[in-house]
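**Q** Turn these sequences into a full structure, and let the hints guide you.
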Amino acid sequence: MFEHTIPVLMALYGVAGVVYFIRVLLGPTVLDSILAGDCVSLDVALIALLVAVYYENNLLAGGAFFLVLWAFVLDVFASKYLVKGEVGV
Amino acid sequence: MILSLIGVVLLIVGAVCDIFGAIGMHRFGNFYLRLHAATVGTVGGKFYPFIGAGLIALDRGLLSVAGVAFLSAFTLLITTSVGSHALAYAAERAGVVKIEHNELGGDWDD
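One line per chain: the protein sequences are A and B, in this order. For the first sequence, counting from 1, position 65 maps to 78 in the working numbering; every step adds exactly one. For the second sequence, counting from 1, position 53 maps to 59 in the working numbering; every step adds exactly one.
Don't take every hint at face value.
Only some residues are given here: those of chain A computed to face chain B with a beta carbon under 7 Å [unchecked claim]:
#1 Glu16
#2 Pro20
#3 Leu25
#4 Tyr33
#5 Arg36
#6 Leu38
#7 Asp45
#8 Ser46
#9 Leu48
#10 Val57
#11 Leu62
#12 Ala65
#13 Phe78
#14 Ser92
#15 Leu95
For each label pair, taking beta carbons as the anchor points, the in silico distance ranges come out as [stated by the list, open to error]:
#16 Trp83(A) <-> Gly73(B): 28 to 36 Å
#17 Ala94(B) <-> Val21(A): 29 to 37 Å
#18 Leu82(A) <-> Ile12(B): 33 to 41 Å
#19 Thr18(A) <-> Tyr95(B): 37 to 45 Å
#20 Ser46(A) <-> Arg99(B): 12 to 20 Å
#21 Val19(B) <-> Ser46(A): 24 to 32 Å
#22 Ile84(B) <-> Val31(A): 21 to 29 Å
#23 Val31(A) <-> Met7(B): 28 to 36 Å
#24 Arg99(B) <-> Val28(A): 47 to 55 Å
#25 Val22(B) <-> Leu82(A): 23 to 31 Å
Please keep in mind that the hints were generated in silico from the structure rather than gathered at the bench. Ideal Cβ positions, reconstructed from N, Cα and C, are used throughout, including at glycine.
**A** What follows is the structure, encoded as structure tokens:
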């Protein structure tokens, strides 16, 4: 019944991801780019999960979980190196 | 059927929150305000859609996809707050973002 709704929602999430990606490119500081990059990776994870649901295929779902973990690891390691002063702006 | 309906409603609400968060990332002029917009776009725009996608997958009999979706949502709910706090701490400690007007600094120089 919802076969036409899921592609429209995927397109909406894709548009939001593109708007986030503009902030990745424009970010005045490296933290803005990291923050927007987190949102882009989570958008890609959600779109991959929706593709897995739409095509009823299990293979893309594992990649979505690793993208969620990637966003967290990017936050924590970038913060760690910024606090230590080993990475500039 | 009812699980798919709830899932689609959660996906629509999440899409609206995600687009609001994406607009806020460009409208707000400071890193800390953009952190708030990103949190709106992450918790409202990613956590609820993960739950919704899991409900749709559960209704269609895709148990592995549903399990990954619920696990991703739970992981996201925990790690988003930790990551945001770490980024704000790093921004303040490294001096990357300057605080223009500190409301908590007192009125000694007024």
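**Q** Any of the earlier hints contradicted here, and which numbers?
**A** 1, 2, 6, 8, 10, 16, 18 and 24
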